[in-house]
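K.L.:
Listed in order, the protein sequences are those of chains W and C.
Its first residue numbered 1, the first sequence is counted upward by one per residue in the working numbering.
Its first residue numbered 1001, the second sequence is counted upward by one per residue in the working numbering.
Mixed in with the good hints there might be a few duds.
[Stated by the list, open to error] Short, incomplete list of chain C residues facing chain W, as computed with Cβ under 8 angstroms: (1) 1205; (2) 1208; (3) 1214; (4) 1227; (5) 1302.
Hint data in this document are derived by calculation from the structure and do not stem from the laboratory.
Just so you know, these numbers come straight off a predicted model, no measurement behind them.
Here a beta-carbon is modelled for each residue, glycine too, at the ideal position from N, C-alpha and C.
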Amino acid sequence: MSEQSAAGTSGRPAGRLLEVDDLRVEFRTRDGVAKVINGVTYHVDAGETLAVLGESGSGKSVTAQTIMGILDTPPGFVTGGQVRFHGKDMLRMSNEERRRIRGEGIAMIFQDALSALNPVFTVGFQIAEQFRVRRGMGRSEAKKRAIEMLDQVKIPNAKGRFNNYPHQFSGGMRQRAMIAMSLALDPEVLIADEPTTALDVTVQAQIMDLLAELQRERQMGLILITHDLGVVADVADRIAVMYAGRIVEEANVYDLYAKPAHPYTLGLLNSIPRLDEKGQELRTIKGLPPNLMNIPPGCPFNPRCPMAQPVCREKVPPLLQIGAGRASACHFAEELVNRD
Amino acid sequence: MGRYLLRRLLQLIPVFIGTTFLIYWLVWSVPGDPFAGKCGERPCPDSYVNMMTEKFKLDEPLWVQYGNYMQNLFQGDFGQTWSGRPIGDIIATAYPNTLKLAVVALAIEAVIGLAAGVLTGLRRNGFLDNLVLVSTLFMIALPVFVIGFVLQWVLGVQWHIIKPTVSSEMRISELIVPGFVLGSASMAYIARVARTSIAENRRADYVRTAIAKGLPMRRVVGVHLLRNSLIPVVTLLGTDLGALMGGAIVTEGIFGINGIGRQVFRAIVTKESATVVSIVVVLVLVYLLMNLLVDLLYAALDPRIRYE
Chain W
1 MSEQSAAGTS GRPAGRLLEV DDLRVEFRTR DGVAKVINGV TYHVDAGETL
51 AVLGESGSGK SVTAQTIMGI LDTPPGFVTG GQVRFHGKDM LRMSNEERRR
101 IRGEGIAMIF QDALSALNPV FTVGFQIAEQ FRVRRGMGRS EAKKRAIEML
151 DQVKIPNAKG RFNNYPHQFS GGMRQRAMIA MSLALDPEVL IADEPTTALD
201 VTVQAQIMDL LAELQRERQM GLILITHDLG VVADVADRIA VMYAGRIVEE
251 ANVYDLYAKP AHPYTLGLLN SIPRLDEKGQ ELRTIKGLPP NLMNIPPGCP
301 FNPRCPMAQP VCREKVPPLL QIGAGRASAC HFAEELVNRD
Chain C
1001 MGRYLLRRLL QLIPVFIGTT FLIYWLVWSV PGDPFAGKCG ERPCPDSYVN
1051 MMTEKFKLDE PLWVQYGNYM QNLFQGDFGQ TWSGRPIGDI IATAYPNTLK
1101 LAVVALAIEA VIGLAAGVLT GLRRNGFLDN LVLVSTLFMI ALPVFVIGFV
1151 LQWVLGVQWH IIKPTVSSEM RISELIVPGF VLGSASMAYI ARVARTSIAE
1201 NRRADYVRTA IAKGLPMRRV VGVHLLRNSL IPVVTLLGTD LGALMGGAIV
1251 TEGIFGINGI GRQVFRAIVT KESATVVSIV VVLVLVYLLM NLLVDLLYAA
1301 LDPRIRYE
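So here's chain W without its partners, still in its complex pose:
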């Protein structure tokens, strides 16, 4: 095991498109302080898809919100780390500088397009608004460009749909419109926060295909946040698994599925229902994610871990590189990867 720290930390060659470096976020509430992000480090380059995988509450969405600068403050406060875009720390930029990056540098699509789109404006208006406000285009030119965007995300009869309101779209069409809106200014990085969770399974596949296609065409960096291992397999280049506000494993898709290097990842993979085990009880990871106001000492996963040893209750395992392009935050990562 090399003692060099995992991918993306400072000291790496410059030129990363977007990197999150040792990010720390806490939520200060009346009941106490919840440490939601405890040193998250990941990066995405142009033309690459990074999937961020984790249960609800693991901090994957909060990380994305911090990158976008849409974290609700209060209760959320960034207490440490950097978010670098083209090498420049966004957390130290002025509000105006950050605003200019939104939409043009980094764009985001959300889980529930119905609530994420403004109900009282037409879909066309909300897309054309980008061109008018950010590009200074006139009404008719912006409309033309917005219709082109709707066309690109394969909304049939884009021209006729321009004047529809979000509630007049179906779920899948709404998410397509959301994608059109986020891509309007041709961003370099797109963050998709559970883009298919609210959709039917058949529509999910269509949306994922569309995202993958647009990502290839535009050579964007794509951060795909999901809790669905099935969604990830087809489109992601790399996967970062999050648990209790930390990255516990990072690997390319093949390695991660073939030989997970963290017991949590193993548990996730095992809990996918399988056809050849029909009739048997579904396998789950025992226990619940830790209370973020009171994270257990040592490895945060140790109370649920089937492999836990005394050392796991004492030392927090750092995220260490365990091979080319993969890292794990487990004291026994080597053993896990090398077993039979």
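Assemble chain C onto chain W, guided by the hints.
P.N.:
Showing chain C alone in chain W's frame:
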């Protein structure tokens, strides 16, 4: 939409008949002698009473009197006061004054109430927020006549900033303070509703989206947030015009405005059913039409609402 409008307009007919009859009956059943004090120190001679009873058909049963009144009303005749003055004249002079006062009040409460609501809704628990919360509590708790007399005395009598009473020309500049007094309670409600609405929508997903699009903050608030938060405020404002006109009686009294309040009061005391009903009928119409307008505005503000 057309059918909805037609149905709503047809609904006005029973409401109109119901309210007018109710008011006619109420004034009719108030005890008292309409001719008391009409003839100086002594009671009116029988000849006068008989003449008036004959002229106004006062010995007919209630429903005949009401029927006659309605018949005349539909021919555009509001009837006469006891002293023979056409009620149409009273309405023509008093209503514009009250309407002007109410519109000024509405404008003031909309501008100040909305501004206070938006500013405090965006920044809750700040100094301004607490100031607005306390001052609106005062406005709601204090009766109109207290606010009216205090402002009249301080601004008009002590500091000479305004004239204590409004002249018969009813200039807009003279109506600002009376309008503020009349609209004070509603202004407080508007501010509070707007504050809650803004604060609620402030955290809405679509606001987050608007920020994520890289829109300037003033556009996020002024376009995306405001448009959604305005819906409950518009309801309140729309239905308030009728309430302001009906409630103007105290404000009109304080500032010496010749509006419908004074006329209604006089008519109730002298049991002039026709005058009371005529004035109230117009008020009822204002209420009903404003309500309809608000419902239509609703659909314009929120495209999810469709009337079939």
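K.L.:
The structure should be examined with respect to each hint, and the outcome stated for every one.
P.N.:
Structure-based check of all given hints:
1. Given the 8 angstroms rule on beta carbons, the hint for residue 1205 of chain C holds: about 4 angstroms separates it from the nearest Cβ of chain W.
2. Taken as an interface hint, residue 1208 of chain C checks out: its beta carbon lies about 5 angstroms from the nearest beta carbon of chain W, inside 8 angstroms.
3. With its C-beta approaching chain W no nearer than about 3 angstroms, residue 1214 of chain C sits inside the 8 angstroms limit, and its interface hint holds.
4. With a cut of 8 angstroms, the hint placing residue 1227 of chain C at the interface with chain W holds, because the nearest CB-to-CB distance is about 5 angstroms.
5. With its C-beta approaching chain W no nearer than about 6 angstroms, residue 1302 of chain C sits inside the 8 angstroms limit, and its interface hint holds.
When each numbered hint is compared with the structure, no violation occurs for any of them.
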